[in-house]
Amino acid sequence: MNANCLSLVGIVYKTWVTPVKNSDLFNTRSGLGGFSDRVGALAYALTPLTIALSMRDSVLSLLTGIPYLHFNFLHRWTGRIILVQSLMHTISWTVIEGKLYQPQPKVYSAFIKQTYMIWGIVAQSFLCFLFVFSLRPVIKITGYEFFKKSHLIVAGLYLGACWGHWDKLACWMIASLSLLGIDLAMRLFRVYLIHFGYKDGSSGIGFRTIKSNVEVFKDPSGTIVRMTFEHNHAPWKIGQHFYLTFPALSIWQSHPFTPASVPSAALVPQKHTYIVRARSGETGKLAALAESAAETPVILVGPYGGSIVDREASNILAISGGTGISFTLPVITAALNDAYHSAQNIELIWIARHIENIAWLGPEIAALRKHLDPSSSSSSINDDTKSPGKTSVAPPKNFRIHIFVTRSASSRSPTPTPATAIASEKNLAISSASSTSSASSLSHSQEIQELIAPHPNFTVTYLNHEKPEIEGMLAAFLNDTVVKGRTQVVGSGPAALGTDIRAAVAARNCPGGAWRGDERADLECVWDDRMG
Numbered sequence: 001m002n003a004n005c006l007s008l009v010g011i012v013y014k015t016w017v018t019p020v021k022n023s024d025l026f027n028t029r030s031g032l033g034g035f036s037d038r039v040g041a042l043a044y045a046l047t048p049l050t051i052a053l054s055m056r057d058s059v060l061s062l063l064t065g066i067p068y069l070h071f072n073f074l075h076r077w078t079g080r081i082i083l084v085q086s087l088m089h090t091i092s093w094t095v096i097e098g099k100l101y102q103p104q105p106k107v108y109s110a111f112i113k114q115t116y117m118i119w120g121i122v123a124q125s126f127l128c129f130l131f132v133f134s135l136r137p138v139i140k141i142t143g144y145e146f147f148k149k150s151h152l153i154v155a156g157l158y159l160g161a162c163w164g165h166w167d168k169l170a171c172w173m174i175a176s177l178s179l180l181g182i183d184l185a186m187r188l189f190r191v192y193l194i195h196f197g198y199k200d201g202s203s204g205i206g207f208r209t210i211k212s213n214v215e216v217f218k219d220p221s222g223t224i225v226r227m228t229f230e231h232n233h234a235p236w237k238i239g240q241h242f243y244l245t246f247p248a249l250s251i252w253q254s255h256p257f258t259p260a261s262v263p264s265a266a267l268v269p270q271k272h273t274y275i276v277r278a279r280s281g282e283t284g285k286l287a288a289l290a291e292s293a294a295e296t297p298v299i300l301v302g303p304y305g306g307s308i309v310d311r312e313a314s315n316i317l318a319i320s321g322g323t324g325i326s327f328t329l330p331v332i333t334a335a336l337n338d339a340y341h342s343a344q345n346i347e348l349i350w351i352a353r354h355i356e357n358i359a360w361l362g363p364e365i366a367a368l369r370k371h372l373d374p375s376s377s378s379s380s381i382n383d384d385t386k387s388p389g390k391t392s393v394a395p396p397k398n399f400r401i402h403i404f405v406t407r408s409a410s411s412r413s414p415t416p417t418p419a420t421a422i423a424s425e426k427n428l429a430i431s432s433a434s435s436t437s438s439a440s441s442l443s444h445s446q447e448i449q450e451l452i453a454p455h456p457n458f459t460v461t462y463l464n465h466e467k468p469e470i471e472g473m474l475a476a477f478l479n480d481t482v483v484k485g486r487t488q489v490v491g492s493g494p495a496a497l498g499t500d501i502r503a504a505v506a507a508r509n510c511p512g513g514a515w516r517g518d519e520r521a522d523l524e525c526v527w528d529d530r531m532g
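The sequence shown maps to residues 1 to 532 in the UniProt record's numbering.
Keep in mind that the hints were calculated from the coordinates and are not lab data.
By construction, the Cβ of each residue, glycine as well, lies at the ideal position given by its N, Cα and C atoms.
Be aware that one or more of the hints could be misleading.
What the hints assert, rightly or not - Think about it this way: if two alpha-carbon atoms lie no more than 27 Å apart in a straight line, the pair counts; the simulated DSS-like pairs of lysine-lysine are:
| hint | residue 1 | residue 2 |
| --- | --- | --- |
| 1 | LYS106 | LYS14 |
| 2 | LYS285 | LYS149 |
| 3 | LYS218 | LYS285 |
| 4 | LYS467 | LYS218 |
| 5 | LYS370 | LYS271 |
| 6 | LYS148 | LYS113 |
| 7 | LYS285 | LYS148 |
To be verified - Now the in silico label distances, taken between C-beta atoms and shown as ranges:
| hint | residue 1 | residue 2 | range |
| --- | --- | --- | --- |
| 8 | ASN479 | LEU87 | 33 to 43 Å |
| 9 | ARG136 | HIS70 | 12 to 22 Å |
| 10 | GLY160 | PHE73 | 50 to 60 Å |
All chains, please: the whole structure from these sequences, using the hints.
In structure tokens, the structure reads:
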């Protein structure tokens, strides 16, 4: 909007009334025409910046190191500024040609029939479409896939219409199209780096997809697909995400997913684990495919985003809702396995709908349980400053797991012990593509019993359809666990959970946020929004 304010500078604020030849009518001339042209030119000039802010492989990210996701907010607002500028340009010239110039309607009729004006109307219509169908309530109604495809197509048509409207400013449209080309080229280059190599079963080199194992879990709240595969590529940073395409369904759709696994620093194939909630659209088709096949090909593009690991944090509290566990689990796992990580107090809170949901990440939870005893988390560290061959032992890490089940049966007590919870589950079973028989159901029941076996640092709490108290969870961690140092709060899940986490952290960080006496807590909040 500052550009609009500057566009008011230098205009002669006068009105001239001039006679119309061969009539008794008069034209009213003013600085409105110059102003409207200026804001129109500014709208053109902002178009390349708007596109640069929306690029997945952003040039701005390459220059600044800031992940592209952080530019989306600016992309939306620059787009809105362009809409305001274009409306000001359109309305101003409508007033000039439809009212101030005479005779009417002859002048306006001749004006609106010109080719460049027709293209201007088309461009304005495309811009209004982009704005309306990018609003969050509209996206929820039409679906994200419609938004993504229509936004890309209409944006390209908008650039062409702008070119047709005023080709003397085509330089801005050429720059915009060039940025789109760079973005597409960078995506193809990423695919090339990941997927081109020796083909399986042959000596030739070419494009090859990744074979992913899929497993389906069903509960009363919906269907979850667990995907696991290995592929030889460079390690990613914890917190980054990949775009996955499923060629068995469509090559024209890709979806962002955060790995629930930790990248390996060694030169070995990287292991990927994804937890996907099946909804309508592509993920629903993926669940149907997973029920009929144990494997499916995957095309991987990425990684995108930045690292969320704070190696200097002395305390880590991870709060997850539903499939948000994919985002927080690697942070916890990396901190526990890294002897050089400063975190000594680590706590994982998972808010799940059903106790059966723990089976989504059965192997990972079982591995975490080994760190529940402080003595098991200590490890040897090579110290180069000491004599060769000597090592020091890292101090043990205090680790706890709390699972909150929100949709437990009303007959259960609010906070039973894990053993009691299992005893009351007479018909406990996880429905999946490979667990339809009663014997398999019993196997899954036994697996869950082992995962939630009683332990002083592992608790299961049934909320009986009550909302979890995030402020209480944070207060308990700070008061009962934290002694000193910075605390990193990492969260992911439904938007409402993020609102509660951010509010609780902000309250503790504000001047009036009490921790111990007058001491404020040093909290860092990292949130990843998703539908959990």
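Against the structure, the hints come out as follows:
Only pairs whose Cα atoms come within 27 Å are accepted, and LYS106 paired with LYS14 is accepted, the gap being roughly 26 Å. Between LYS285 and LYS149 the CA atoms are separated by roughly 18 Å; this keeps the pair inside 27 Å, and the hint holds. For the suggested pair LYS218 and LYS285, the alpha carbons sit about 15 Å apart, so the restraint of at most 27 Å is met. With a C-alpha separation of about 23 Å, the suggested pair LYS467 and LYS218 falls inside the 27 Å cut-off, and the hint holds.
At roughly 20 Å between alpha-carbon atoms, LYS370 and LYS271 fall within 27 Å of each other, so this suggested pair holds. For the given pair, LYS148 sits about 33 Å from LYS113 by alpha-carbon distance, which is inconsistent with the 27 Å threshold. Between the alpha carbons of LYS285 and LYS148 the distance comes to roughly 18 Å, so the proposed pair stays at or under 27 Å and holds. Here the CB-CB span from ASN479 to LEU87 is close to 54 Å, at odds with the stated 33 to 43 Å.
A hinted range of 12 to 22 Å holds for the C-beta pair ARG136 and HIS70, which are about 18 Å apart. The beta-carbon spacing between GLY160 and PHE73, approximately 27 Å, falls outside the hinted interval of 50 to 60 Å.
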